[in-house]
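Peer 1: Be aware that the sequence shown starts at 1, since it is given in this note's numbering, and climbs by one per residue.
Don't take each hint at face value.
As the list claims (entries may be wrong) - Below, computed lysine-lysine pairings styled on DSBU-like, alpha-carbon distance capped at 30 Å:
no., residue 1, residue 2
1, K64, K21
2, K16, K64
3, K64, K15
Because the hints were derived from the structure by calculation, they are not lab data.
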Amino acid sequence: YPGDPIGQAAVAGVKKGYVVKSINGQDVRGFDFEDIMDMLEDFVPDPDVQSTAAFQQAGGRARKYPAVDFPVTIEYMELQEGAAKAGAPAAMAVPEGAWMPRLEPWGDADLAQERQRVMAMPEP
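With these hints in hand, go ahead and build the complete structure from the sequences.
Peer 2: Dropping the structure here:
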């Protein structure tokens with residue numbers, strides 16, 4: 001990751017799409033990122049993540065898990081396509097006519113349909 005200037009993770013075989021599965025045998029798949037960092041005693045603020053809640057609180061967050069003893073055994077697993085969405089809460093219903101941000105890029109068919117919709121609107 002950008003805060004790892006000497007690439008220790010890459011040298012250890014970590015690849016894009018991997019997630020931390022366990023630390024010293026403890027399953028951490030449901031843990032928050034900050035809790036995993038606490039367990040690993042990674043407490044130095046990374047200037048590349050100034051927008052994160054943990055950085056903004058400047059360490060004011062209570063620690064949930066104790067630091068693990070070294071040496072540490074970290075087990076990784078490859079994140080499967082759609083796995084993050086499977087555990088996400090169902091999207092709430094959008095009221096008719098409500099504005100919602102578009103989360104995907106516009107395709108040609110989408111643009112044609114939107115043009116047609118706008119052209120059918122009455123003049124103000």
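Peer 1: Is the straight-line distance between the alpha-carbon of K64 and that of K21 30 Å or less?
Peer 2: Judged against 30 Å, a Cα distance of about 18 Å means the pair holds.
Peer 1: Take the C-alpha atoms of K64 and K15, compute the straight-line distance between them, and say whether it is at most 30 Å.
Peer 2: 28 Å, holds
Peer 1: Hinted pair, alpha-carbon criterion (30 Å max): K16, K64. Please report holds or violated.
Peer 2: 28 Å, holds
The structure meets every hint from the earlier list without exception.
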